[in-house]
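Participant: Model the placement of chain P on the given structure of chain E, informed by the hints.
Taken in order, these protein sequences are the chains called E and P.
Take the first sequence: its letters are residues 1 to 309, numbered as in full-length UniProt numbering.
Take the second sequence: its letters are residues 1 to 393, numbered as in full-length UniProt numbering.
It should be emphasised that the hints constitute simulated quantities derived from the structure, not laboratory data.
Ideal Cβ positions, reconstructed from N, Cα and C, are used throughout, including at glycine.
Just so you know, not all the hints are guaranteed correct.
Estimated spans, in silico, between C-beta atoms of each pair [claimed, not checked]:
{"#": "1", "chain 1": "E", "residue 1": "Arg77", "chain 2": "P", "residue 2": "Arg44", "range": "22 to 30 Å"}
{"#": "2", "chain 1": "P", "residue 1": "Gly149", "chain 2": "E", "residue 2": "Tyr35", "range": "52 to 60 Å"}
{"#": "3", "chain 1": "P", "residue 1": "Arg21", "chain 2": "E", "residue 2": "Phe131", "range": "44 to 52 Å"}
{"#": "4", "chain 1": "P", "residue 1": "Lys203", "chain 2": "E", "residue 2": "Gly226", "range": "48 to 56 Å"}
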Amino acid sequence: MSAPPRFLLTLPTTGPDTDPAPLPEFVTDTRQGRYGAFDAIGEVGRAAEVVGFDGVVAPFAPDAEEPLVVVAGLLRRNRWIHGVAGLHPGIGTPVYAAKLSASLQRFTGDRFGWWPVVDLPPATARAHGDFLEGPDRYARADEFLTIAKGVWEHEDFTYEGMFFQVLAGGFQGPLAGRRFPAVHLSGVSADALELSAKHADVHVFDVTDDLDALIADLGGRAAERGRTVAPALRLTVAAREDEDEARAVQNVPEHALTGSFEQVAAELRGYADRGVSTFVLEPPPDVAEIYRLGEQLLPLFVREHAHVD
Amino acid sequence: MSIDIYWRIGTHGDQPSLRRRLVTRGDWSPVVPGSITPGLREGRPDGYSHLDHMADVARSTELSGFVGGLLPSFPFTDDPWAAAASLARETTTYRFMIAFQPGFLHPVQAARMSASLQRATGGRVVYNIISGGGGPAQLWWGDKVGHDGRYARTSEFLDVLKAVWDGGPVTHRGRFYRVEGAGLPERLAGQPFPEIYFSGSSKAAIEAAGRHADYYLSWLEPFPALAAKFDQVREHSAAIGRSPRFAVRIDVLARETEEEAWAEIRRGWRHVDPEQLRGPESTGDSVGWLRSSQFIDWPVREPRELEASPNVWGGFHLLRGGPAFGLVGSYAQVAARLDELIALGVDAFILAGVPHLEEARRIGENVLPLLRGGRPGTSVPSLETLEAKGSTR
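Here chain E stands alone, though its shape is the one from the complex (with noise of 0.2 Å):
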């Protein structure tokens, strides 16, 4: 048996903001509008880590707080979890987004990661500057993460691409030597895969993915390369005490593992057995479900860990 498995958790970035109830008007509130939706994210963030998740993620999303601020912030509170930041390929230079990265690794520990969206819809591509269709999205993905690699790995880094340049770049003193953000990737194309060998250290698949080939056909890519790529699964639990329970609990989508804590962990470590090392948890991620998951959930597999050393 290999490590445990590491668990990541989806943070609530998207869609309009909620507004807590209002109380009776002959119920003091002392709140008078001073908190907003980054405390509840905050608050999300923090549960993750008391209870012992490995990280957090912000996902790049049209509507969602953007994702690099949401992760500078979170991390800065707390010690532990590692935060994986959304972003595009278009969202400036790769020199760029590597400066700032450097500095994120420096002030957190290096605990920041990439999430690099490369197959937007077309509408959202364009409202975000993007106008790169097919395969050229992933000529300029490589790119970006080889400038980005580029510049962090070497003093004088010179790199004339399609889409990006550099001139004697490369990060010097301080900022050079921490840790590249671990990159995560995602999709199911050749192109994706084979961008992922090239460059991610974790790729996300979903429940619905032909797991077993595209784990292997990843393998078999990255291998050429001699990298390995830390396969991933992104997934939604309903988990309880008991089945029922759980079979109780409202708006879980379709593909959701559902069951007591045993019956998920069992899942769970099936998809281990095939190769998966790192899971992607989907909301609903209230403190309340953080708390459940992280007391009850993650110990079945720490235990198991325990044993076999």
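Facilitator: Using the frame of chain E, we list chain P on its own:
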């Protein structure tokens, strides 16, 4: 109208004084006993980073009566967006003046980051838009656009950013940027747009500033030169029906008495490399840099030869990294010079002093309370008297 006074945060460490160019705060020098953030405990790094020092400066700044601070951006510094996002929730009133070059971020991304930061801070984001100093540093950033092109890009960037901020959907096809159906999502919409401090001394810069600046920001120069520069900006702005306010970025070294202040400068002067006294060198295309080097008769031999007019000293770059001109004098003298600048039309200051943490307190307690708001009759030396003195060319 009230005057906004900012206090810079060093984004590349700090010296404990101007006496030696020895950086002990942050890790831009080797981490040794006596280093701070990171420091050493039992011989090992203590886990603090330069951000922890920046947080201390930010808190000292807000307690000392400043409205916020400038976070500079250069190839060797920590990044202002990263620092502001990290410190957003552990300050209360501190405004983050984020220095950035528009060419490096897409305007829609800048809009999203800014809107989220406005939400995280309760509207405490301010922009310091810089368009780059050119030369090898510009290529280091991966930017090949020439000087005037960079200002054209800055203008287009701000056009798109403001349009996206104000609603949308925005469709735009320009020289540098193209978007279709861009806008901010519901949760990010409706935030106050950050005030824009706009830097640049060239004609292209002043033209772009006329269109976009809330504050036209300049390094300190001898006052008559500064007044002439402001007049130029006023003229350009008036032609397009705008009237920007003015801000000056000033290093200060103020002590109880004038003698103490100059004694501090002289202690630093002993360590200045004599090569540097022949005159400054620049590798870029920055007009601001060229201007500031012209106010002094190089070479110089002793500190007060760099005093272009009373208390206006052009040797700060010899004692720490950064621009040349700042104010040296007693608390009362420095306050009086700031009042003269207010009388010239300055509406905001970005002050700085080394070390930033302690000097924020000193200036907040001893200089700011003496300001009188540039009362009428404050005398300003004319360009002619200064030229007669041989201080300008």
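Participant: With reference to the structure, classify each hint as holding or not holding.
Facilitator: Consistency of the hints with the structure:
1. E:Arg77 to P:Arg44: 22 to 30 Å: holds (24 Å)
2. P:Gly149 to E:Tyr35: 52 to 60 Å: Once the Cβ atoms are compared, 45 Å apart, the range 52 to 60 Å for Tyr35 of chain E and Gly149 of chain P is violated.
3. P:Arg21 to E:Phe131: 44 to 52 Å: Holds, since Arg21 of chain P and Phe131 of chain E (Cβ atoms, about 48 Å apart) stay within the stated range.
4. P:Lys203 to E:Gly226: 48 to 56 Å: holds (54 Å)
Hint compliance for this structure: hint 2 is the single one not met.
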